[in-house]
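Q: So the chains spell out like this:
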Amino acid sequence: MELFWLLGIPLTGGIFLALWGYRRNAPEINALFSLLTLAMAALLTVRIVEAGPMMVGNGWFFIDSFNVFLVALTAFVAFTTALFSRPYMRIEQEHGRLNATRLRLYHSSYQIFIGAMLLALTTNNMGILWVAMEAATLATVLLVSLYRTPASLEAAWKYFILCGVGIALALFGTILLYFAAEKVLGSGGNALLWTHLNGVKAQLEPTVLSLAFVFLLVGYGTKVGLAPLHSWLPDAHAEGPTPVSAVLSGLLLNVALYAVMRSKVLVDGALGNDMAGTLMMGFGLLSVVLAAFLIVRQTDVKRMFAYSSIEHMGLITFAFGMGGAVANFAGLLHMTMHSLTKSAIFFAVGHATQKTGTQLMDDIRGLIKTNPTLGWGLMLGTVAILGMPPFGVFASEFLIITTAMHEHPWATPFLLLALGVAFAAIFGKVQPMVFGETELPKLPYQPAQTPVFLHLGLVLMLGLFIPPYLAAWYKQAAHLLGG
Amino acid sequence: MTALAYHLQIVNLLAALLLLISFAMLSQRRVVGLVTLFAWQGAALALSTAIVAWSTGQHHLYYSAAMTLGLKVIAMPWYFYHLVKKLNVNRVVEPMINIPTTMLIGIVLVIFAFNLALPISEMSGTVTRSTLGIAMACVLLAFLMMITRTKAIPQVIGFLSMENGLFFAATSATYGMPLVVELGVALDVLVGVFVLGIFIFQIRETFDSLDLKHMEKLKEK
Chain U
19 MELFWLLGIP LTGGIFLALW GYRRNAPEIN ALFSLLTLAM AALLTVRIVE
69 AGPMMVGNGW FFIDSFNVFL VALTAFVAFT TALFSRPYMR IEQEHGRLNA
119 TRLRLYHSSY QIFIGAMLLA LTTNNMGILW VAMEAATLAT VLLVSLYRTP
169 ASLEAAWKYF ILCGVGIALA LFGTILLYFA AEKVLGSGGN ALLWTHLNGV
219 KAQLEPTVLS LAFVFLLVGY GTKVGLAPLH SWLPDAHAEG PTPVSAVLSG
269 LLLNVALYAV MRSKVLVDGA LGNDMAGTLM MGFGLLSVVL AAFLIVRQTD
319 VKRMFAYSSI EHMGLITFAF GMGGAVANFA GLLHMTMHSL TKSAIFFAVG
369 HATQKTGTQL MDDIRGLIKT NPTLGWGLML GTVAILGMPP FGVFASEFLI
419 ITTAMHEHPW ATPFLLLALG VAFAAIFGKV QPMVFGETEL PKLPYQPAQT
469 PVFLHLGLVL MLGLFIPPYL AAWYKQAAHL LGG
Chain Y
1298 MTALAYHLQI VNLLAALLLL ISFAMLSQRR VVGLVTLFAW QGAALALSTA
1348 IVAWSTGQHH LYYSAAMTLG LKVIAMPWYF YHLVKKLNVN RVVEPMINIP
1398 TTMLIGIVLV IFAFNLALPI SEMSGTVTRS TLGIAMACVL LAFLMMITRT
1448 KAIPQVIGFL SMENGLFFAA TSATYGMPLV VELGVALDVL VGVFVLGIFI
1498 FQIRETFDSL DLKHMEKLKE K
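Going line by line, the protein sequences match chains U and Y.
Count along the first sequence from 1, then add 18; that gives the number in this note's numbering.
Count along the second sequence from 1, then add 1297; that gives the number in this note's numbering.
Simulated from the structure, these hints should not be mistaken for laboratory data.
All values derive from a computational prediction rather than experimental measurement.
Any given hint might turn out to be false.
[Said to hold, decoys possible] The calculated label-pair distances, taken between Cβ atoms and stated as ranges, are:
#, chain 1, residue 1, chain 2, residue 2, range
1, Y, A1321, U, T468, 55 to 63 Å
2, Y, K1382, U, G70, 20 to 28 Å
3, U, I33, Y, D1505, 32 to 40 Å
4, U, P168, Y, H1379, 45 to 53 Å
5, U, L61, Y, P1416, 25 to 33 Å
No residue lacks a Cβ here, since even glycine has one placed at the ideal position from N, Cα and C.
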């Protein structure tokens, strides 16, 4: 029942906001729908934690501790982003960058995007998973081009075409998966149900499944932002409105990686070797290293943090590729930390760029003087994402690197080098933005900083102390991934 | 080897036609010609799906064929004609790589596709398995078209033609995907074309042209 509402609320919200149009309180209604979704996600989480995995609706939906954790995270970040976007988009409208029609499109698409991601997470059918991923892409294409500037149109077009091609490859992977499954499970809708596939994974044809996984990894990997198919990501993040950057980076990338992981569990079972893991480690490591060196050359603050997202998604993919209980645990933890921290950073960056009217880092100076909360928010967020203790990112990165040292020592120098380069580059660029000299007057309005500090507070708390029930939950999820 | 049944011969013929149309699309310079070829490709796909449905008794394939007919033969080409007329973009356009070279690359891709499909089609139990190689070749050729074209509409037709190839692959390897998935895919494609329509007008408004060469500001620095 909760599940029905979980998927129904964002969908209703999307339709309602499209019909209602942009009235004065549309941002509040948007936040309200997100709050209701969050409440349903919380109820669902409580139920799963108490009663264990469950199937709903004739096996069409399947929820276990792996995806319920992502459902909770998605609903939470979606809600805080809605809170952030409320004042942010109002100011954009006052600056004349957006009008009522575009805001109507924005609010409606936002809800549909959240709904599509939740569907992708909860469905049991690998085909529907594909459909929902594509729907999530389509819902955000017009959001990336919301400002209608030449650069934003170019970014949206790149996003549309590149992710379209990626997702077409994933469809071919799904067809191959169905082809292998049909021999064992018979034709019809059941042959694509993940739970059914998981039950018979040892009997699936290994050659077909390994080929299917290559297509699925490259296809969904395009959406995760894995190098060398990442080139849409920095453009889309930099040119879209900041709330969209926050949900793309914090949520969509996770959902795409979730799709890869579901496939990996099946392929591992069918092949009995670590071909899938090795591939993921390769792609992950390449992304980490490439992104770290590209960060050095960035001048646009949103682009820089977009590359940092590629780096972190690469790290998570690498962790999942290593497999095993500890690495999977670390990967899941890092997913949570990255989502919370990166969206917090985008919130802070959004206000900073809105105030100075530019995204060029050289022109943003002295945030600490114009608005201390904003300055500290950005600084703390940056310190957190760079993996400094006591923030939670430190714990997960530490776990990933120590596991890598144990199991794949050859990879450790690359990882450490990349993390070091990224640290120096990002810290060196953010520091003058926060502490530099400025002549700009103080902010005329109070920025919406509650979401920033809420997220950072959570990251800090999880860095200092992971409550036992949460740790047990992560362990259970890590076990499901084959730990 | 026994002679193939009549209907299977027709399916094979249509598969060959599909491949031929893919090559024709690669060499087509005009946008309107491209739309027409795309409609024909859809028609060949719908017909072959219907024949497979009839000869194997897989009823859900009829829906799939009807959807292809409705969307890819009637609705989308009509919409594209409308766009081309309204935007007045039907000029001769040279692709980035000249056409004879593109054709040669295309032939290499076809050989590659047949090699890739061989192990899979040997495992397949369907009567149409021999066409899997052609389906993969169509996917790769459409991909090539997307790479070599710089205009917005040809790129999208390339994308849709890729989708055609994928549907054909699904039909020949497994008699199609489960119905609900096919419906979902069709819905996504429909929404995608709709989004594209809005998008093309936005591009036109901002750049005063549909040539994507103007869109080269965002480069990896």
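Q: With reference to the structure, classify each hint as holding or not holding.
A: Tested hints:
1. Y/A1321 x U/T468: 55 to 63 Å: holds (59 Å)
2. Y/K1382 x U/G70: 20 to 28 Å: violated (59 Å)
3. U/I33 x Y/D1505: 32 to 40 Å: holds (35 Å)
4. U/P168 x Y/H1379: 45 to 53 Å: violated (25 Å)
5. U/L61 x Y/P1416: 25 to 33 Å: Given a distance of about 48 Å, which is not inside 25 to 33 Å, the answer is violated.
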